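All chains should be built: construct the whole structure from the sequences, respecting the hints.
Protein sequence lines correspond, in order, to chains A and B.
Residue numbering for the first sequence follows our numbering, starting at 1 and increasing by one per position.
Residue numbering for the second sequence follows our numbering, starting at 113 and increasing by one per position.
Derived from the structure by calculation, the hints contain no laboratory data.
It is possible that some hints are incorrect.
[What the hints assert, rightly or not] 27 angstroms max Cα-Cα, derived DSS-like pairs, lysine-lysine:
hint : chain 1 : residue 1 : chain 2 : residue 2
1    : A       : K79       : A       : K55
2    : A       : K79       : A       : K112
3    : B       : K155      : B       : K176
4    : A       : K55       : A       : K108
5    : B       : K176      : B       : K187
6    : B       : K155      : A       : K108
7    : B       : K187      : A       : K55
8    : A       : K108      : A       : K79
9    : A       : K79       : B       : K155
10   : A       : K112      : B       : K187
Owing to the predicted nature of the structure, the values given are computational and were not obtained by experimental measurement.
Residues per chain, in single letters:
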Amino acid sequence: EIVMTQTPLSSPVILGQPASISCRSSQSLVDRDGNTSLSWLHQRPGQPPRLLIYKIFNQFSGVPDRFSGSGAGTDFTLKISRVEAEDVGVYYCMQSTQFPHTFGQGTKLEIK
Amino acid sequence: EVQLVESGGALVQPGGSLRLSCAVSGFTFSSHWMHWVRQPPGKGLVWVSRIDTETNTHYVDSVKGRFTISRDNAKNTLYLHMSSLRAEDTAVYYCVRGSRDWVGVDVWGQGTTVTVSS
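This is the structure we're talking about:
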């Protein structure tokens with residue numbers, strides 16, 4: 001099983017300032033076809049998760065441009081260029097390269 | 113509009129059984145892989161199972177032999193049959209659509225709550 005490790009687990013941020021979350025996988029997420037199935041999800045309190053970024057850096061439909069993804073192999077990063085109030089909640093990275101699919105522990109974004 | 117609506121969650125005793133359903137609309141159900149993901153109270157997300165368009169299935173080890181994922185394309189419905197339930201199966205269960213653009217997931221349902229307790 002691929003273990004996904006996120007840092008930090010908690011991130012207090014100031015509105016309008018940038019934020020960054022890291023995710024590391026215990027093995028490479030590159031599959032035999034050269035694809036990397038790493039995504040980022042956001043879960044607001046009391047709500048289901050929603051997809052933000054897929055295949056490292058692709059924005060899902062309707063996701064604001066302030067969200068971006070980067071990385072390769074085993075190290076990945078989600079960046080928010082300017083945090084807005086609606087961005088609070090928990091962020092998860094997820095790998096879908098191998099079964100079982102696995103998630104990071106989650107990073108709680110709070111407004112300072 | 114894409115919609116996934118789960119139902120069937122309940123309070124059940126340890127060792128009991130339950131069937132969750134997920135009724136979908138707004139997309140061609142038969143063309144998508146489908147997943148179940150669960151979230152224990154106050155904890156993170158755990159992938160449970162996936163069924164592809166050919167009804168091939170995968171499960172996380174903790175539910176193998178106890179849970180069965182299935183689909184009825186005529187009814188646009190996904191199922192999760194759960195048996196020999198344990199306290200650690202207590203969670204919100206989400207029905208999640210597999211993407212057509214990559215092997216991961218995209219749209220999530222609102223979830224249904226399963227509580228295993230005597």
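So, going through the hints one by one against the coordinates:
no.: 1; hint: K79/A x K55/A; verdict: holds, 15 angstroms
no.: 2; hint: K79/A x K112/A; verdict: holds, 17 angstroms
no.: 3; hint: K155/B x K176/B; verdict: holds, 21 angstroms
no.: 4; hint: K55/A x K108/A; verdict: holds, 22 angstroms
no.: 5; hint: K176/B x K187/B; verdict: holds, 26 angstroms
no.: 6; hint: K155/B x K108/A; verdict: holds, 12 angstroms
no.: 7; hint: K187/B x K55/A; verdict: violated, 31 angstroms
no.: 8; hint: K108/A x K79/A; verdict: holds, 14 angstroms
no.: 9; hint: K79/A x K155/B; verdict: holds, 23 angstroms
no.: 10; hint: K112/A x K187/B; verdict: violated, 48 angstroms
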